[in-house]
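> Sequence:
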Amino acid sequence: MDSLFVLFKLAYLVLCSSEDVTLSVSSSTTFGRDESCTRESCSRTRRYLLYDVNPGEGFNLRRDVYLRAAIFLKHLNDRDTKNEWTLVLPPWGPLYHWQRRDIPQEGLPWSLFFDILSLNSYVPVMEFDDYLAERKLPVIEQIFYLLSFDFDKIDLQSEWLLEEANCDEIPAFPYVTNPQEQHVEGWIWGYAGISPKKIQCYRTLGSADSIISRLLALTSTKDRAVMFERFENVLHDHFSGKEYWAARKSMKFAKNLVELAENFRKEFLSQMETDHEVTYSATATNESTGGPYICAHLRRQDYLRARPDEVPSMKEAALQLRHVFRKQSLNTVFVATDGTDQEIKELKGALGPGFNVVTYRPPENLLQKIKEGGAAIVEQITCSHSKYFIGSYESTFSFRIQEERELMGFSPDTTFNRFCKFSHAKCQQPTQWRVEL
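Counting in this note's numbering, the sequence shown runs from 1125 upward without gaps.
Everything labelled a hint here was simulated from the structure, so no lab data went into it. Think of the CB as a built atom: it goes at the ideal place given N, C-alpha and C, for glycine as much as any other residue. Hints may be right or wrong, so weigh each one.
Stated by the list, open to error - Okay, the calculated beta carbon distance ranges per label pair:
1) 1489 - 1535: 55 to 63 angstroms
2) 1485 - 1262: 34 to 42 angstroms
3) 1480 - 1228: 28 to 36 angstroms
4) 1492 - 1296: 53 to 61 angstroms
5) 1322 - 1548: 19 to 27 angstroms
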């Protein structure tokens, strides 16, 4: 799902239900405590929290799931006196929107896309390869597979937000228990020889703290690595508050991608300032003005089928861009899109002479290095630095750009905009999730 709409709706349902539904574990709770633990042996144990996401989820929704896991783990470490937890980052790929099958895009490290030192400034993280090297044995002691509830069959006023499920009854369940070998077999990011020991399935409704804390309390410190499959099924603990934005600030892009985007803007978009290191505003100052161009995120492909009432034709998009050009006194638009070259040609033709349409198409040798995910990040950085941004309806690609612009201090009027189906009709514009630092 390329949208946070359902998650916001679930969060609303949880907040609006009775106080009895809260499953948060108090700060005095001991996670994974062995009964045999003595005062002498109870030094903090090095433990690892792993997670994964529904294979169909896109790159930018996965970034949001990372924030849920990171914020939870930060508070877990603050209150867990027995264990020291590290978040193991799930390797990237293959993803639906990465269409190039001739480029190796499986098992990619986070350092390819993000600044790992910056992530570590908020919470302890490590790459999966580093986890395997540190543990020496390719093992995960416990997997919890998280499922959502059927909302037509549950009472939202009930206190039951966590319920064990029968793994054997889950359609297309990706794991098989091997009783002879006493381990679980399944696809673990394409790595061979990974041997999970146990797996349990649960239906969940609630925040990461209310769900993950209860499950971790069922484990022993002997379960040093605990993995949560389908982590997108738990909600944020602190969405859009100070904690959320603190975690989001740490999610800086890899420096080489930042440099690529800067050089591209200088060469093709007449943006001359240097900004290898983005200094996020302490408050939303609205002082940033951006480069002399508009950025348009035009989502196509599956949106043409899934959201036909929200996606404009290229002719309609051109009409709306013409209006923005007049308002902003500009004539250049950078287009970030998953559309075809033919659609870009249609947009140029509909805009007519006097307007400059720019896209990012890295040379093949560079694309082989940064992958399709890196190319998309260069597009996002470029959009984040534009004078005006207009995005696509309920797209997490657009949402991440809006977040970045918020942190950089752009005016909400130049940030929270999206294309309508028709130029002559008004449509609901994006919610303004304002930064709080």
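> Going through the numbered hints above, which ones does this structure break? Give me the numbers in ascending order.
1, 4 and 5
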